[in-house]
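Participant: So you can see what is in the structure, the chains are spelled out below.
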Amino acid sequence: MRKRILSLAIMLFWISSFGQSQSKTNEQIKLPHSYSNLLWSTFVQKIEHNYPLQFFYQFSEIPEFVVSFDSDSIELKVVLNEQLIQYNVFASFDNKGNVFLTKNGSISSQLPSYFFNAAISNTTEESSEFTDQNYIKTIQEFVAQSVVVGTKEKGVNKLTATINGIAINSLSGQAITEATIVDLISGKGVVTDSKGNYKLTLNIGKHVLKISSVNIVEKQIEVDLQSDGVLNLSLDDKIFLLKDVIVNAEKENNIRSTKMGFDKVSAKSVKKIPLVFGEKDIVKVALLLPGVQTVGEGSSGFNVRGSPTDQNLFYINHVPIYNTSHAAGFFSAFNADVVDEFSLFKSNIPLQYGGRISSVFEIKTKTGSKEKITARGGIGPITGRLTVEGPLKKEKSSFLIGVRSTYSDWVLNFIKDPIIKNSHAQFADAITNFSFQLNDYNQLNLFSYFSTDKMNIYTQSKYDYQNFGGSVSWMHYFKNKNSFELSLVHSAYAFNEENNQLEIASYSHNNQLQHTELKAIFEFVPRHNHHFQFGLNSTLYQIDKGIYEPLSALSLINTTSLGTEKGLESALFLSDDWKINENLSFQGGLRFNQFTYFGPQDVNKYRDGMPFTDENLVEVLHFNDWESIKSYSGLDFRFALNHLLTENISVKAAYNRLHQFIYMLSNTIAVSPNYRWKLSDYNTKPIVGDQITLGVYSNLWNSNYEFSLETYYKFSQNIVEIKDGANFFLNENMEQTSLQGNLNAFGAELMFKKLKGRLNGWINYTYSNSKVLVNSPFAENRINYGQPYPSNYDKPHAFNLVANYDFSRRVSFSGNIVYSTGRPITYPTAVYYYGGIPTLSYSSRNEYRLPDYFRVDVSLNVEGNLLKRKLGHGSWSFSVYNLLGRKNAFSVYFEENEGLIKAYKLSIFGAPIVSVTYNFKLGNYASE
Amino acid sequence: MQANKYKLLLLAGFIAIFFLANSCVEEYWPELDTAADQLLVVDGKISNFPGPYTVKLSYSSAINQQANNPISLAKVSLVDNLGNTENFVETSPGNYSSSASGMQGIVGRSYKIKIQLSNGKKYESDFEELKPTVDVENLLVEESVQLAKNDLETDQEGYQFYVNSKVASSTKTYFYWEIEETYEYHSDYRIIFLYRGRRYPITDFNPYGLAKVVNEDTLFYCWKTQPIPERFSYSTEYLSSPVIKNLPLHFIPFTDERLRYKYSILVNQYSISENAYTFLDQLNKQNNSEDALFTTQPFQIRGNIKNLDDSKEAVLGYFMVASGTKSNHLLTKAPSRIRYSSPLSFADTSSVQIKNVINTALASSYPIYFTFLYFQNPNVPLAEADEVIAYVERQECIDCQKKGGTAKKPDYWDW
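Residue numbers (the working numbering), protein chains in the order written: chain A, 120 to 1047; chain B, 206 to 620.
What the hints contain is simulated information worked out from the structure, not anything from laboratory work.
Derived, one-sided and incomplete: chain B residues facing chain A with beta-carbon distance under 10 Å:
(1) 235
(2) 261
(3) 263
(4) 265
(5) 267
(6) 272
(7) 273
(8) 274
(9) 432
(10) 442
(11) 443
(12) 450
(13) 499
(14) 506
(15) 522
Where a beta carbon is used, it is the ideal one built from N, C-alpha and C, also for glycine.
Just chain A, same shape as in the assembly (with noise of 0.2 Å):
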């Protein structure tokens, strides 16, 4: 096979060495002076006017657009290309002095027929730097393309060249980040930016470069290097080819990029991941990520490497979610149709962000096709969704909306349950995102999200909360490959709660924070081997602490109004990527951040290193609105070093400071759904994280194999415990609820994944260790008597194997398998009779274990037919989580009855729930 496409290619380039001289020095021809705010009509018809050339496009690929560049003595082909590339066009010359642009750079292959007749005998005899044998597509899947970059001339004397260049996805003209470039001849390989650009130095000479990322299909392509020069790649989206692979195909990324503690999962990836009642769910899928824990199915929240969750930072598309949770923790407010991808850092968080020491989830949502309006939904037994999108202006600005809902509310009427009939559920979500390529330089963003949760329990309690966010940013790419991003984001939480047990003391209470933030990015690429970015945000929190309000007029309850605070946490950062050498490469950077408490508020002021308590309570002072109570600043740091053994191992260090200045309020274990934040202040310091990483990265047997181990060490202080017994109830004085102390934790992550084939998916283990130490020379600021205890989410064994089997393209089975140690848990030691009842003692804190965790879940994807072009495509997903109906204890609770102490095991799923799926997409493809 290898063999014929060589032959072929040989045979190619024999043909076109004819009149190769001629097509090089027409697209040598260089430009003498600056063009702006020119027309692109018009700038064809001057260079066809200046110049022996003709151009051949098809108007309906290139709209009419500006075209502007300043430097002098640029060579036209350079100048088309960068001009183009937003269109996905790219330029060839040959000796007759034409000028063919065309889509996907693939001549050969798209050969349009309307330059048939007048150029038949001279394209493939190509001179075009680019040719694609996309034809042979039918023969292999991974085509081989050989391309010239740069001009012999130039690269005269020369041993070396870069090759810069831009990833784009073929379809919608997205930049493609975190994609890797390697070349296979010498190993050496890059990985593409955030905004999708590369910059690759190599010898002069013939290489063959491999481009691999998650959602696109691996392209290998035959360059000949003779200068410096731009390869700009436009890759195909994965979908096509329906071979799924299951979690990121970062292979050379994984051991060459400097990044530790990371996981990207493209939503496509994991949409045959069963899941409670077949709901997709891109964010759960996090759970089977080696690091990352939850207390159990019913608590809103991850906790990653030992941490707690308000260490963690939620972004969809610059927007902060405060509250990621549907239904308590069930599902996760994320429709998974929208979304394009997640990342995890774990560990070394990228620079541009703070403000939480654990992780950051930052979730990208899909940009709308700019090409066709299309749809998609889907219909599980809990929710319905919908998304459409399209272009606003084709090819220049489009939209996306999408929305989710539960309808299954009516299901509940009938149900003779009394609970159940009794009580209400709903939830929602939608996303906007409307993207505009405001010209070539410049893009613009807009971006909305929303979420809503209504429950309504057994007609006495009612719970509702509303994440509402949106973002507008502002990209401009500088011609030089620098860019600079700007970003304005708002994001507000409010949780409502109306209690209604008790007539007397019924009440209403409602909070909100409010997140408002600006953020600036430059990117700055001076030279090939460092990546500068650095920039400032800066966030402004206001929390309205709410009111208590008496529900009716027969309520006793004060209207008590709990105030409101403001903190300002600004950082600027600066961070680069450094590739020393070869095989060393450094990633860090320092982030100084400061942070300042605002008023107006009265804070209480307690007497110099005594108990938050009533009776050490100095005096109360009172601050002006804006007036500063108090600031803190820290200095972040972070640092990398990835060290490549050989071609396929590298091993990588890396230890990062990070600060947090907003914690939550939660005194459950489970974190239930009324939580809230609050902001260090006064009396409560800020939260530092350290962590420290140790991993060697492995790609196996032609990086079919992908393997890592990960240890690390982490450190953080000053987080934020809930006293025993404390009470927020109308609590005016927080601080005196809380207690600050110290957590440890430790583990190995040892992941394996199998990348290709037939059979893939992953299997992690983990070990892990976390513990908390709240201690004080005075008792009543101790928790568990000033003795390290375990967190409610330390599982030292973990274990997760999430596997896709293909039988054929259209029909395909999935399944989970997940294992952990049981979760830690109080229980009582002793009994005693008070008041004739007997009555329980507890003792030290999560000193048991609830039973292991075990769970299976498996499902039955079935595809509609594989026809590329068609107008709707529709699978089913059959699935069946905990498959093996094993009643996991979610809780062990004790209790008298009768006289007697009994225990009971509480399961919340205690038999296989089955669900089917249906998904469809539109597409009109037909009208292209």
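Given chain A's structure and the hints, the job is docking chain B onto it.
Facilitator: Just chain B now, with coordinates in the frame of chain A:
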């Protein structure tokens, strides 16, 4: 109490809504460290009610060896802030009482308890003030539907009792209620004859020469009064007025046999210290966390007793200083829709057995009660049915007092 019921609902609600009762609760006994410490438990109270007051001393037991381990031979004394002291006397193992004519709690004074165990360890409670009393306005009862304990899928009909208080004088009043229930119950059989060691002339009617009772209803109707083993507390801390309105207390399902005739409750409404309230509230929350979706972290709840020489020693329980008032009795009628079963205890008509009982019974077991059984032979007209003397082996089924009640009808029993 309320908070706990609420949690139960929250759990059930969430799960039920989304998983249609897919969840389950089953009995399970984890492996526990059985070598638990024996901790001192103090359970006592002084109030403005006349004494005697009782302090119970015991040791806690391991969770799987639930037992009351009374502590004898301790010295217990009550002290007030004026220096008055009364020593308690151990009336039964672990129970120490003041004398009926001894100290009585007076509003405004402070009291504490002093304990010295036979091993020499000394303990004391903190002084707590006896707060002003708050009167009960009234008790109310309502038919209500509630979830059965430990069964999320079953509704139960029953009586829900509520309490209303008068307005307290202090804005922050901490309430604690103890409830006494009184119910009527009947013996299985009426007493026709009794034997007290003396034989009477034998007749057809009285073949064993037993004594005939005058009133066959004697010891047939009984009333039992007992404390309800539930703790109720509430604080007016967050209310605009220190008053309790319609606070749910005890719930009794209609299926409970105690409701068969009439049922009554009486409430002792106490006003206690904030510290005592916090103790009770935490105890309630921790011991009734029936469900476990969103429970708080349990911890060791200590009361107000401290070892004078070792403040680190954990002492359980509380010595409460409480000012109380009593409510009126609230009487309810039997629920009309319920049919209670009437299993009869075994009554023996064999003459051999009856003679044996009469001949061998010890004087200490006198009187022995006998009843009549009517044998209805289907072939014989009803009027000629045989009447046979029968011995009820379980005497508590013929002498209702033996089940702990009294045969004296309470004066409030009839409307």
